[in-house]
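Asker: Now for the letters of each chain:
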Amino acid sequence: SAVISQKPSRDICQRGTSLTIQCQVDSQVTMMFWYRQQPGQSLTLIATANQGSEATYESGFVIDKFPISRPNLTFSTLTVSNMSPEDSSIYLCSVGGEQRGYGYTFGSGTRLTVV
Amino acid sequence: GNSVTQMEGPVTLSEEAFLTINCTYTATGYPSLFWYVQYPGEGLQLLLKATKADDKGSNKGFEATYRKETTSFHLEKGSVQVSDSAVYFCALTHGSSNTGKLIFGQGTTLQVKP
Numbered sequence: 001s002a003v004i005s006q007k008p009s010r011d012i013c014q015r016g017t018s019l020t021i022q023c024q025v026d027s028q029v030t031m032m033f034w035y036r037q038q039p040g041q042s043l044t045l046i047a048t049a050n051q052g053s054e055a056t057y058e059s060g061f062v063i064d065k066f067p068i069s070r071p072n073l074t075f076s077t078l079t080v081s082n083m084s085p086e087d088s089s090i091y092l093c094s095v096g097g098e099q100r101g102y103g104y105t106f107g108s109g110t111r112l113t114v115v
Numbered sequence: 001g002n003s004v005t006q007m008e009g010p011v012t013l014s015e016e017a018f019l020t021i022n023c024t025y026t027a028t029g030y031p032s033l034f035w036y037v038q039y040p041g042e043g044l045q046l047l048l049k050a051t052k053a054d055d056k057g058s059n060k061g062f063e064a065t066y067r068k069e070t071t072s073f074h075l076e077k078g079s080v081q082v083s084d085s086a087v088y089f090c091a092l093t094h095g096s097s098n099t100g101k102l103i104f105g106q107g108t109t110l111q112v113k114p
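Note that the protein sequences, when read in sequence, are chains A and B. Position 13, counted from 1, in the first sequence is what our numbering calls 13; the numbers after and before it change by one each time, with no gaps. Position 105, counted from 1, in the second sequence is what our numbering calls 105; the numbers after and before it change by one each time, with no gaps.
Please note that a few of the clues may not be correct.
Said to hold, decoys possible - In silico PhoX-like cross-links for lysine-lysine, where the CA-CA straight-line distance does not exceed 25 Å:
id, chain 1, residue 1, chain 2, residue 2
1, B, Lys68, B, Lys113
2, B, Lys68, B, Lys56
3, B, Lys101, B, Lys68
4, A, Lys65, B, Lys60
5, B, Lys56, B, Lys101
6, B, Lys101, A, Lys7
Everything labelled a hint here was simulated from the structure, so no lab data went into it. Quick caveat, the model's predicted, so the values are computed rather than measured.
Isolated chain B (complex conformation):
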């Protein structure tokens, strides 16, 4: 079935370090891919998305490229800030039909230290 796998956390970085959070997926058809962020005590916010191969989603300095050949959607940021500390979720929607259901990875906690 369809699934999303993220790298284990927590990821601890110093401010201004480079961030990569790996995400790979298994899906039939052509899923849409998303990154969501959950700040402490808050709900989920859409960070970025991509709907087809080679699309690059970007927002707030974060980027992710839809790589169909490696079934990946890794999240990157060139210089993290303390305010980026949060839980990051990679997710997909079924590609074969528009059921609207999101399938989430397990989440990766990012801690950025000053």
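Same shape as in the complex, but just chain A:
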């Protein structure tokens, strides 16, 4: 299965600023996914990022707040813009789902605290 390197692993940011999270995969993948895990909660899909096209956002998430780049088949970034304390969460990238039933691999996550 793919290996994902995600960074930063954690950060403490001031409100109103932006943070860009990077995910690097050791193999080419079609789909990459970005999830948010709020404290003590489950994972919620933010968007699906395919190379060469605009990311597809889930209900409740918008591009202005969470812009995503996918410049090639091994790399993606998620930016959390104009942060507020409510954005404090773990953000995870994931790859997989290329074929039915294949497992999904997750990055180790970025633990974001907004103060």
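Here the structure of chain A is known, so what remains is to put chain B in place on it, guided by the hints.
Answerer: Only chain B this time, still in chain A's reference frame:
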């Protein structure tokens, strides 16, 4: 719509006890089902999976059987260890199309005491 429901936690057990974490799902078509584990301070790891009815996924002593008649995928382990303490997530992918999106249950925290 598609959804996953897990039993409420936390689940607290003594070492070597039998574990069951219930998971039921609602989905159109034939979803693939997964259990993920999140150890403290870490990301998610795939624990096991099943892609069709009556399949049994197994790994590290954990098992789960895809039961279409009861729309369930309960996680079991015969003898838990302290090192199994973690949060366990049941998840599915849409069965009707390969969109690749995972839908997660709310997670169940397992605490195993020595």
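Asker: Going straight from one Cα to the other, do B/Lys68 and B/Lys56 come out at no more than 25 Å?
Answerer: The hint holds at about 12 Å.
Asker: For the pair we were handed, B/Lys101 and A/Lys7, check the Cα-Cα distance against 25 Å.
Answerer: The hint holds at about 22 Å.
Asker: Between the alpha carbons of B/Lys101 and B/Lys68, is the straight-line distance 25 Å or under?
Answerer: Given pair B/Lys101, B/Lys68 holds - Cα atoms ~20 Å apart, limit 25 Å.
Asker: Tell me if the straight-line CA distance from B/Lys68 to B/Lys113 falls inside 25 Å.
Answerer: violated, 34 Å
Asker: Given the hinted pair B/Lys56 and B/Lys101, is their alpha-carbon gap at most 25 Å?
Answerer: Holds - the C-alpha atoms of B/Lys101 and B/Lys56 are around 22 Å apart, at most 25 Å.
Asker: Does A/Lys65 pair with B/Lys60 here, judged by a C-alpha cut-off of 25 Å?
Answerer: violated, 40 Å
Violated hints, in rising order: 1 and 4; the structure is consistent with all others.
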